[in-house]
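Participant: Sequence order for the protein chains is A and B.
Positions 80 to 412 (my numbering) are the ones given, in order, by the first sequence.
Positions 80 to 412 (my numbering) are the ones given, in order, by the second sequence.
Don't take each hint at face value.
For chains that are exact copies, the list does not tell them apart, and a pair is met inside one copy or across any two.
[Claimed, not checked] Straight-line C-alpha distance at most 35 Å; calculated DSBU-like pairs for lysine-lysine:
1) K353 - K242
2) K206 - K353
3) K264 - K205
4) K249 - K120
5) K249 - K205
6) K206 - K120
7) K402 - K242
8) K353 - K264
9) K402 - K206
10) K353 - K402
11) K249 - K402
12) K205 - K116
13) K249 - K275
14) K402 - K205
15) K353 - K205
FYI, nobody ran anything at the bench for these hints, they're computed from the structure.
Protein chains: 2
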Amino acid sequence: MASPVRVIHYGLGPIGIEAARVVSRRAGIVAVGAVDKDPAKIGRDLADIADFPGPSGTVVRSSIADLPGVSAEVALHSTGSYLAEVRPQLEELLLAGLHVVSTCEELSYPVGERTEIAAELDSVAKKRGVVLLGTGINPGFAMDALPIFLTSISQDVTSITVKRVNDAGKRRLPLQRKVGAGLEKEEFQRLVDAGKVRHVGLRESVQMLADAMGWELERVEETTAAVLARERVTTAYLTVEPGQVAGVHQVGTAFMGGRPVITLELQMYVGAAKESDEIWIEGRPQLHLRSEDGFPGDIATSGILVNAATRVASLPPGLRTMKDLPPAHYRSS
Amino acid sequence: MASPVRVIHYGLGPIGIEAARVVSRRAGIVAVGAVDKDPAKIGRDLADIADFPGPSGTVVRSSIADLPGVSAEVALHSTGSYLAEVRPQLEELLLAGLHVVSTCEELSYPVGERTEIAAELDSVAKKRGVVLLGTGINPGFAMDALPIFLTSISQDVTSITVKRVNDAGKRRLPLQRKVGAGLEKEEFQRLVDAGKVRHVGLRESVQMLADAMGWELERVEETTAAVLARERVTTAYLTVEPGQVAGVHQVGTAFMGGRPVITLELQMYVGAAKESDEIWIEGRPQLHLRSEDGFPGDIATSGILVNAATRVASLPPGLRTMKDLPPAHYRSS
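Just chain A, with the same shape it has in the complex (with noise of 0.2 Å):
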């Protein structure tokens, strides 16, 4: 067996703790080094904080410049969702020689504005010789690399359609709010035109997508709705009241010759009671793919994380997306 995979948690919120955990009890990976703001984490040990048999050693420092003669090969990095934000601690990362992998959602396929720090990021990647890939379950697989993994067989595509509904509540704290849960309907409306209530990463699936399928776009909607709780549901962290907003309905859709090709679907909320992830590939073959109970949004994207960095450095130096990456399967040793 190769020797595992040396890896630094780098943020240890629900998601760099649940990845800690699965790190843990993974025989080809192994933490060297962990790192978190949070002065309540900062000089416990990871097995402490993450909640599995311990002391495990690693001690959670205040930044990777407390991590002296550590020989890490990549970091698992989960701190936010916006690239603007982030960017710091990549470069960080990235300069002290690391492949990163991150659920960084805007980082998994940087569209807009954020195309100017991906190329930045992507220069310095390419400069130390080292990978940075954005991955997680939403984006980064159920609306973009799995449908395109199905298309694998396709002799044509016409249109993708992907449907996913996710229960908020079995969510992390920073998602049931970033979807907006527990606000009244107008607050919600002035966060949504601020550009802070919303799955982050609906713009990103659909412009990977588009490019792996060769699709130059004309234009892409993209709309978000408030979800109100029809009665009143309590998860872990907050409860919503009736006509209180329970989350998010949020299409993007893509259009090409005047007609939709791509349309994506998300409803994510506190109380969904029939969780689904749902794909139609149109064209030859028609396919139509059910997740009878959904991909479990926290569990799944802490795994994807995992088995990511246990395959990064197999990919050209840069900034990479998970539709370059070889299938990044669970791997038990």
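Let chain A serve as the given structure and place chain B on it in line with the hints.
Facilitator: Chain B only, in chain A's frame:
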């Protein structure tokens, strides 16, 4: 746009012809040669044989030696299921400096006594700096590459089960013969015992899954039973009377630590009313995926053959498998 991938169609049976049709309408790939041993096809234009608008200018020849001056990159090889039989063809194509993408089932993931031939082909491919890849819907996707891809989101995997129900009546005649459609039960059993009636590829899919998961299997069991026709079934090629064999019910089970960790169950028979593909991945998370009407075999096999042909040059030289190929997704151009 990059210049189109130049291919040779090697073998113009039902799959090869269908692949030629796909290539004829795809921008990023172009046929520059065609080879078949059938005297009824030799000397005719490919468009005539594959029934697409022509003439294409590509005339079918009896061997690649009859294609002087043809500069191709990839051969789409589709002539047979058994590696020992197609080996001289593969060798000739590799020695000619061509990447080869083949529908030979035993090539998809060589096991048992085929590993020796595989090692020799690998060595030839490496010497010539080209890639050899076996692909198709099954083996190559439905029961191996797709479940492997799904485990990208898995923290832990404890077992994998795949069930495929496929109507052989919609498939090509060679496949209908391969599953024993129209045989009497005794004759079926005789041919099963001789290894001449079966779906080829189950053992290969089992091993691809096991190696991807990093599982050391203790043993693999394979059973092949007849599915008998309850009523008369007529396909485009043959008629099956009630009580005759309609096809196979084949199960491959792999054991580790005394318990089954991989179960592949295939029902492939003429007259299957409801086609489907289902995948269960036990572990964390539990996953259950269902393709509502199944993956249509011959359409999908020719689709993945063409898609893989456009991607194969990205792999390092040698014998490669679908478990390591970056997503060979559809691309319009």
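Participant: State for each hint whether it applies.
Facilitator: For each hint, the structure was consulted:
no.	hint	result
1	K353 - K242	both (13 Å within a copy, 24 Å between copies)
2	K206 - K353	neither (47 Å within a copy, 55 Å between copies)
3	K264 - K205	neither (46 Å within a copy, 63 Å between copies)
4	K249 - K120	within (24 Å within a copy, 61 Å between copies)
5	K249 - K205	neither (38 Å within a copy, 50 Å between copies)
6	K206 - K120	within (33 Å within a copy, 55 Å between copies)
7	K402 - K242	both (19 Å within a copy, 27 Å between copies)
8	K353 - K264	within (24 Å within a copy, 46 Å between copies)
9	K402 - K206	both (23 Å within a copy, 30 Å between copies)
10	K353 - K402	both (29 Å within a copy, 32 Å between copies)
11	K249 - K402	both (28 Å within a copy, 32 Å between copies)
12	K205 - K116	within (28 Å within a copy, 50 Å between copies)
13	K249 - K275	within (21 Å within a copy, 52 Å between copies)
14	K402 - K205	both (19 Å within a copy, 27 Å between copies)
15	K353 - K205	neither (44 Å within a copy, 51 Å between copies)
When held up to the earlier numbered hints, the structure conflicts with 2, 3, 5, 15 and fits the remainder.
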